[in-house]
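Could you build all of it, start to finish, from the sequences and the hints given here?
Protein chains: 4
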Amino acid sequence: MAKQIRKLNVAMIGYGFMGRAHSNAFLQVGHFFDLPYELKLKAMCGRNRAAVEAMAAQWGWEEAQTDWQSVVKRKDIDVVDICAPNHPHAQIAIAAAEAGKIVLCEKPLAMNVAEARQMANAARSLPNLVWFNYRRVPAIALAKELVEQGRVGKPYHYRATYLQSWGADPELPGAWRFRKAEAGSGAMGDLLSHSLDLALVLNGAVIEVTSLMQTFTPNREVDDAVLALTRFANGSIGTFEATRFAIGCRNRNYFEIHGAEGAIRFDLEDLNRLEVFDRGDAVEIQGSHNVLVTGPGHPYTSHFWPPGHIIGYEHTFIATLADFLNTLAKNQQFHPSFDDAVGVQELLEAVETSARTGKWTKVSADDATVAAIQ
Amino acid sequence: MAKQIRKLNVAMIGYGFMGRAHSNAFLQVGHFFDLPYELKLKAMCGRNRAAVEAMAAQWGWEEAQTDWQSVVKRKDIDVVDICAPNHPHAQIAIAAAEAGKIVLCEKPLAMNVAEARQMANAARSLPNLVWFNYRRVPAIALAKELVEQGRVGKPYHYRATYLQSWGADPELPGAWRFRKAEAGSGAMGDLLSHSLDLALVLNGAVIEVTSLMQTFTPNREVDDAVLALTRFANGSIGTFEATRFAIGCRNRNYFEIHGAEGAIRFDLEDLNRLEVFDRGDAVEIQGSHNVLVTGPGHPYTSHFWPPGHIIGYEHTFIATLADFLNTLAKNQQFHPSFDDAVGVQELLEAVETSARTGKWTKVSADDATVAAIQ
Amino acid sequence: MAKQIRKLNVAMIGYGFMGRAHSNAFLQVGHFFDLPYELKLKAMCGRNRAAVEAMAAQWGWEEAQTDWQSVVKRKDIDVVDICAPNHPHAQIAIAAAEAGKIVLCEKPLAMNVAEARQMANAARSLPNLVWFNYRRVPAIALAKELVEQGRVGKPYHYRATYLQSWGADPELPGAWRFRKAEAGSGAMGDLLSHSLDLALVLNGAVIEVTSLMQTFTPNREVDDAVLALTRFANGSIGTFEATRFAIGCRNRNYFEIHGAEGAIRFDLEDLNRLEVFDRGDAVEIQGSHNVLVTGPGHPYTSHFWPPGHIIGYEHTFIATLADFLNTLAKNQQFHPSFDDAVGVQELLEAVETSARTGKWTKVSADDATVAAIQ
Amino acid sequence: MAKQIRKLNVAMIGYGFMGRAHSNAFLQVGHFFDLPYELKLKAMCGRNRAAVEAMAAQWGWEEAQTDWQSVVKRKDIDVVDICAPNHPHAQIAIAAAEAGKIVLCEKPLAMNVAEARQMANAARSLPNLVWFNYRRVPAIALAKELVEQGRVGKPYHYRATYLQSWGADPELPGAWRFRKAEAGSGAMGDLLSHSLDLALVLNGAVIEVTSLMQTFTPNREVDDAVLALTRFANGSIGTFEATRFAIGCRNRNYFEIHGAEGAIRFDLEDLNRLEVFDRGDAVEIQGSHNVLVTGPGHPYTSHFWPPGHIIGYEHTFIATLADFLNTLAKNQQFHPSFDDAVGVQELLEAVETSARTGKWTKVSADDATVAAIQ
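Chains as they are written, first to last, in numbering that gives the first Met the number 0: chain G, 0 to 373; chain B, 0 to 373; chain R, 0 to 373; chain Y, 0 to 373.
Just so you know, the hints here were simulated from the structure itself, not pulled from any lab data. The reader is advised that the hints may include incorrect statements.
Each pair may be met inside one copy or between any two copies, as identical chains are not told apart.
Stated by the list, open to error - Calculated cross-link-like contacts (lysine to any residue; reagent style SDA-like; alpha-carbon spacing at most 25 angstroms):
id: 1; residue 1: Lys358; residue 2: Ile206
id: 2; residue 1: Lys6; residue 2: Asp77
id: 3; residue 1: Lys358; residue 2: Phe215
id: 4; residue 1: Lys39; residue 2: Glu61
id: 5; residue 1: Lys143; residue 2: Pro84
id: 6; residue 1: Lys329; residue 2: Gln57
Structure (C-alpha cells):
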C-alpha cells in the first residue's frame with residue numbers, strides 16, 4: 000500500500016535571518032526524513048516588497064506578499080510560520096489560529112506572559128510549535144535521553160551561559176533587536192529564553208529566581224546582559240548568564256549538569272559534541288567522554304550523514320520540523336508547543352521582576368503550563 | 000539590466016552516500032549563492048532500479064535511469080556528475096567528455112595514473128571538476144589564504160593523518176570499497192587521496208616518497224592502512240597516515256604545517272575551527288589561536304549563517320559547486336580539475352610503488368600535471 | 000661583595016595537607032630563587048604527637064611539638080606559619096603577632112570579619128602573609144599583567160567557578176571541614192574565598208552581592224555549595240559558584256573575564272595554560288590564544304624549568320614565599336596581607352548575609368581594607 | 000621494629016638543566032616516598048669551577064669538584080649520576096662501574112650502539128638506571144597498565160611525535176647539543192630516543208624501520224628533524240617524528256595507540272592527562288575519556304598531592320628515583336636499565352642507517368637486549 004502524502008501549503012511571515020533558516024528547513028526536511036506530508040512554499044510575507052521578493056526568489060517561494068492579514072486567512076494556506084520581530088508575534092499568531100491554521104512561531108513567543116497565554120489559548124486546539132530549535136541538536140537530544148536513563152542521577156547543579164559579543168560592536172546588525180517596542184527585551188528574550196527552555200526540558204521546573212539585568216550601552220533600550228540564580232523543583236540549584244558583551248565568544252550557548260551519577264556538558268559552538276561524565280566508569284579511566292554525536296546510536300543522526308560527518312546549525316530546524324510533522328500525522332501533541340513557551344515566558348517575567356525589585360521571585364506558573372511541561 | 004540565468008540539466012551516475020551529498024549540493028547551491036546558472040536535477044542513474052527510484056524521489060530528480068551509456072549522450076543533459084564506485088569512473092567520464100558534457104567526478108579520479116591521464120586528456124577542453132571537496136572547507140580555504148599571505152613562512156613540516164575506524168568493524172558498510180576490482184585500493188584511494196590533494200594545495204609538489212601499506216584483515220583485497228614519508232619541492236618534509244583501523248576516530252582528517260613564521264592545524268571532526276600560531280604575536284601571549292571559522296573575514300562564510308553558527312559537512316560540496324559555476328561563467332579554469340587529480344594519482348602510484356619495492360620513489364609527474372598544479 | 004644571608008627559623012602550626020605544601024615551599028624556595036634569607040625548618044607543631052613526629056621526620060623539621068602556645072613565643076622562632084584548621088587561626092596568629100613574629104596564615108584567614116580585623120590589627124606592624132597561593136600561578140600572574148596592560152580593556156563580565164566533587168563522596172576525607180565549629184563554613188570559606196580573592200585582584204572591589212547557599216547532605220553543618228551574583232565597582236557584573244558537589248570535576252578553579260578589548264580564561268586543572276582573546280588580532284585569525292605559560296616572557300617561569308616543561312600545584316606556594324621574602328628584605332608591604340584577607344572576609348560575610356536574608360547585600364569595607372586592596 | 004635506613008652518598012657529574020632536575024629528585028624523593036635509603040648530596044662535578052660551585056651551593060651539594068675521574072673512584076661515593084653532555088657518558092659510566100658504583104645515566108645512554116653495549120656490559124652486575132624519566136609520568140604509567148590489562152587490545156597503530164621549536168631560534172641555548180662530537184646527534188638522540196623508549200615499553204619490539212633525517216640549518220652538524228616508519232613485532236605499524244623546528248610547539252611529546260579494543264593518547268604539555276577510548280562503553284557515550292591522572296587509582300599519585308592538584312615535570316624524576324631505590328632494596332632488576340637503553344640505541348642506529356641508505360633497515364638486537372626488554 001502506497002504511503003499517503005498530504006500536501007501542506009506554507010506561508011511565512013518574516014524574511015530575515017530566521018526566514019532563511021526556516022525556508023531551508025521547509026525545503027530540506029523531506030530530503031532527510033520520510034514524511035507523510037509534502038510541503039509547498041506558497042507565500043513569503045514581509046513589509047519591504049523588494050526585500051521580500053528577492054528572498055522569496057532565492058529560496059523558491061511561489062509568492063512574495065506584503066499584507067500578512069490577508070495571507071493568514073487564505074483558504075490555500077495550511078501552515079503559518081511566524082519569524083517576524085517579536086512585537087507582532089501575538090497579533091499574527093492569534094489571527095492565524097482564528098483562521099484555523101497550523102501555527103509555528105519563533106521564540107521568544109511573546110512580549111510578555113499575558114500575550115503568551117492569549118496565544119496559547121488561541122492555538123490550543125490547533126497543531127502549534129515554537130522554534131526552540133536547540134532541543135533538537137542531536138547532542139542535546141542525547142543529553143535528554145541520558146538524563147532520562149538516569150545517567151546523571153539526582154541533580155545538584157545546572158549551569159548555563161549564552162555568550163555572544165556582537166552587542167558591543169559599534170556597527171550593529173539587527174537594529175530592531177535593540178528597540179524595546181519591537182524586541183521586548185535584549186539578551187533576555189533573545190538568548191536567555193533558549194537557555195531557560197533547555198533547562199526546563201533537561202532539569203524540570205524552576206521555583207524561584209534572583210537576577211540582575213544590565214545595559215552597558217548608553218541610551219540602549221534593552222538589556223545587554225542578564226544574570227540569574229535559580230532553585231529548581233527537583234532540589235538542584237542553577238546559575239544563568241546571557242549576554243551580548245562577552246568579547247571573544249560568538250555563540251557560546253553552553254550548559255552543564257552535575258548529578259549524583261554523572262555530568263553532561265554542551266557548547267553550541269561545538270554542536271556535534273557532548274561531554275559526558277559517568278561515575279560508573281572504572282575509577283582509573285573516569286573522565287569526561289568526548290562524544291562526537293554523529294551516530295551510531297544518537298538521535299536524528301541516521302537521517303543526516305554517516306558517523307564522523309558533522310552537521311551544522313540549520314539541521315536543528317530540520318529535525319524540529321520533522322518531529323513536528325510526524326507528531327502531526329499521529330495526532331499527538333508536539334513539544335515545544337505554545338503552552339511550553341508560556342512556561343519560558345513565565346520564567347522570563349520572574350527574572351525581570353527580580354531584576355527590578357532586587358528580590359527572589361517565585362515563578363507563577365498557571366495550571367496549563369504545569370500540565371504542559373515535558 | 001537583469002542578470003542572465005542559464006539553465007543546466009544535470010545527470011548523476013551513482014546514488015549512494017555521495018549521491019546524497021551531491022544531490023544536496025545541486026539543490027542548495029542556488030539558495031546560498033547568487034549564480035548565473037539554474038540547475039535542474041534531470042536524471043539520476045544507477046544499476047538497481049528500485050534503489051535509484053527511491054533515491055531520485057527523495058531528492059527530487061525528475062527521472063530515475065539504469066543505463067548510464069544512454070544518459071550521458073542525451074542532448075538534454077548538460078552536466079554529467081559521476082559518483083559511482085571508482086572502477087567505472089574512467090569509462091563514464093570519457094563517454095561524457097566525448098559527448099561534450101561538463102564532467103564532474105568523485106575522487107579518487109581513477110584506478111591508476113594511466114586511466115587518470117586518459118580522462119584528463121578527454122576532458123581537457125571541457126569544464127571539469129574532481130570532488131576534492133575539502134579544499135572548500137572554510138577553515139582550509141582560510142589556511143590556504145594564510146599560507147599565501149606568508150603567515151606560515153618558509154615551511155619545515157607537513158603532517159597529515161586521515162583516521163577512521165569503520166574498517167575494523169565486523170559488520171561492514173560499503174562492501175565495494177573492499178573489492179580491488181571496484182575500489183582499486185582501500186584507505187589509500189579513499190582517504191590518503193584527500194590528504195595528498197590538500198598537501199599539494201597547501202604545501203606544493205612532492206618529490207619523493209617512502210611508504211608502507213598494510214592489510215590487517217585476512218583475505219581483504221585492499222589496504223586497511225597506509226603510511227608515508229615525503230620530501231616536498233619547497234624543502235619541507237612530511238608524514239602521512241591514512242587508516243580505517245584507528246579505533247576511537249570517526250573521521251579525523253587532520254593536517255598541521257609548521258613554518259618559520261607560524262603554524263596551522265586542522266581537524267575535520269571540528270571543521271569550523273582552525274588553529275593558527277603566529278610567531279609575530281607578543282611573546283607573552285604566543286599560543287595557537289583557536290579560530291572559529293564562521294566569519295567575519297573568512298572564505299565562504301558570508302554565504303551561510305551569521306558568525307558563530309556552524310556549518311556541516313555538506314557545505315563543502317555546496318561551496319565547491321558554487322566556485323565551479325562562477326568559474327564556468329567566466330570561462331576560467333576551475334581547480335581541482337581532472338589535471339589536478341592526475342597529480343594526486345601520480346603521488347598515489349608512487350606511494351604504491353614504494354610500498355611494493357620498499358624504496359624511496361620519485362614522483363613522476365608529466366608536464367601537464369606540473370603546469371596544472373595550483 | 001658577598002650577599003648577606005639572614006637566617007630565619009620557622010615554626011609551623013598544623014601538619015595536614017597544607018602542612019606538606021608549606022613544608023615543601025620552605026625547603027624548595029631557596030633552590031629556585033636567589034634569596035636574602037635562609038630558612039630553617041625548626042619546629043612543626045600539632046595536637047597528635049605521633050602524627051606530627053612522623054610528618055616532621057618526613058619533611059626534615061628539627062622538632063615535633065604539641066603545644067603551640069609555647070612554640071610561638073620562643074626566642075629562636077622568627078616565623079610562625081599557621082596551617083591548622085580555621086577555628087584557631089585567630090588565636091594563634093594574634094599570639095604570634097604579640098610575640099613579634101612574622102606571621103603567615105592559611106586561608107580563609109578567620110571565622111568571620113570581626114576575627115579577621117582583630118588579626119589584621121594585631122599583625123599590621125609585622126610582616127604578614129595569607130596563603131592565597133593561586134595569585135602566584137604563573138598563568139594568573141600573567142592574567143594580572145595583561146589586565147594592567149589594558150589588554151582586556153573596560154571590563155564587562157567576570158565569571159568564576161570553583162568546582163570540586165569530593166563532598167558528595169560517602170567516604171569522606173577531611174572531616175573537620177564539615178564541622179561548623181572548626182571550619183566556619185564549607186565550600187564558601189574553602190573554595191569561594193579563593194575565587195573572590197582572585198576577583199578582587201583581577202577586577203577590583205565588589206559593591207554588592209546576592210547569593211544562595213545550599214547544603215545537599217542531611218545533617219551536614221556547613222554549605223556544600225554557594226552561588227552569587229555581584230556588581231563590581233568598575234561597572235562590570237559577576238557570577239560565582241563554588242561547590243563540592245560538581246560530579247566530574249576535581250579542582251576546576253576557573254575564571255573568565257570579558258572586557259572591551261579582550262578576554263582571559265583560566266582553569267586550575269590546566270594550571271600552565273592561559274587562554275587570551277585579543278580583539279586587536281587580525282580579524283581572520285581572531286580566536287583565543289592557547290598560551291602555555293612556561294616562558295619565555297611569563298612571570299616566575301625563568302625560576303623553574305625551561306619553556307615547555309610544566310610546573311605543578313606546589314610551585315604556587317614556592318613563588319608566593321619567594322615574593323614574600325624578597326618583599327621582606329626590601330621592607331615593603333607584601334600582598335596578599337592580612338588586610339587583603341579582611342577584604343575577602345567582608346565579601347564572604349556579605350555572601351552569607353544575602354543567603355540568609357534573600358536580599359542584595361552591600362559589602363561593608365572598612366577604611367583599612369579599602370586602602371589595602373591591591 | 001624500626002625500618003632500617005641505609006645511607007647512600009651521591010656524586011653527580013654534570014650540572015646543567017639536567018643537573019637541576021636530578022638534584023631536585025635526590026632532595027625530594029624522601030619527602031614524597033617512604034624509602035629504605037637516605038640520600039646524601041655529596042659532590043657535584045663539572046668542568047667550570049665557578050659554575051659548579053654556584054649550582055652546588057644553590058642545591059645543597061656538600062662539595063663542588065672539577066675532576067670526575069677522582070670523584071667516581073672515591074670510597075665515600077656510592078652512587079654516580081651522569082648528566083654531562085652525551086660524549087663522555089661511556090667513559091664516566093665505565094669508570095664508575097669499574098669502581099663498583101651504582102650508576103645512573105642520562106639519555107641517550109651513548110654515542111652509538113658499540114659504546115652502549117660496552118657500558119651495559121660494564122654495569123650489568125651493578126644496579127643501574129637510564130633516565131628515561133617519562134616512563135614514570137603517572138599518565139604514561141597508567142597507559143602501560145591499561146595496555147597490560149588489555150584495554151587497548153590487539154594493536155594496529157602507534158604514532159609518536161616529539162615536537163619542539165627552539166632549534167629554529169637564532170639565539171640558541173644549549174650549544175653543545177648542536178656539535179656532533181659532543182651530542183652525537185640532534186633531534187634523534189635528544190627527542191626521538193624518548194619516543195622510541197616509550198614505544199618499546201608500550202608496544203614492544205620494532206622489527207624494521209625506514210627513515211629520513213633532515214638538517215634545515217646551514218652548517219649545523221646534527222639533525223634538526225627525523226621521521227620514521229616502523230613495523231612492530233606485534234604486527235602493528237608506527238610513525239615517528241622528532242623535530243626542533245615545529246614552530247608553535249614547546250614540548251609536544253605525544254603518542255597515540257589504536258588497538259582493537261581501545262585507544263590511548265598522551266601529550267607531555269598536558270602531562271597530568273590521558274585520553275582513553277574504550278570500545279566497551281555504551282555506544283551512545285563512546286568517546287575519548289579525558290582522564291585527569293591525579294588519582295585516585297592512578298600510579299604514583301597517592302605520593303604527591305590530592306586528586307585534582309597537578310604535578311609538574313620534575314616529579315617524573317622523583318618517581319623514577321623512588322622506584323629505583325625500592326627495586327634496589329629488594330635486589331631486583333630496575334627498568335629502564337642500561338640494557339634497555341641498548342635496545343633504544345639499536346633502534347636509533349637502524350634509523351640512522353635507513354636515513355643514510357634510503358632503505359628499510361632491520362633492527363639488529365643482540366640477545367642481551369632481547370632478554371632485557373620489559
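Which holds for Lys329 with Gln57 at a C-alpha limit of 25 angstroms: within a copy, between copies, both or neither?
-> Cα proximity of Lys329 and Gln57: across copies only (22 angstroms, versus 33 angstroms in one copy).
Is it within, between, both or neither when you check Lys39 against Glu61 at 25 angstroms Cα-Cα?
-> Both: 9 angstroms inside a chain and 17 angstroms across chains, each within 25 angstroms.
How would you classify Lys358 and Ile206 at a CA-CA limit of 25 angstroms: within, between, both, or neither?
-> both (14 angstroms within a copy, 17 angstroms between copies)
Identical-chain pair category, Lys6 with Asp77, by Cα at 25 angstroms = For Lys6 and Asp77, only the intra-copy Cα distance (9 angstroms) is at most 25 angstroms; the inter-copy one is 32 angstroms.
When no copy is named, should Lys143 and Pro84 be tagged within, between, both, or neither for a Cα gap of at most 25 angstroms?
-> neither (30 angstroms within a copy, 39 angstroms between copies)
Please work out whether the CA atoms of Lys358 and Phe215 approach to 25 angstroms or closer within one copy, between two copies, in both situations, or in neither?
-> Answer is both: 22 angstroms inside a copy and 23 angstroms across each meet the 25 angstroms cutoff.
Violation of the numbered hints given earlier is confined to hint 5; every other hint is satisfied by the structure.
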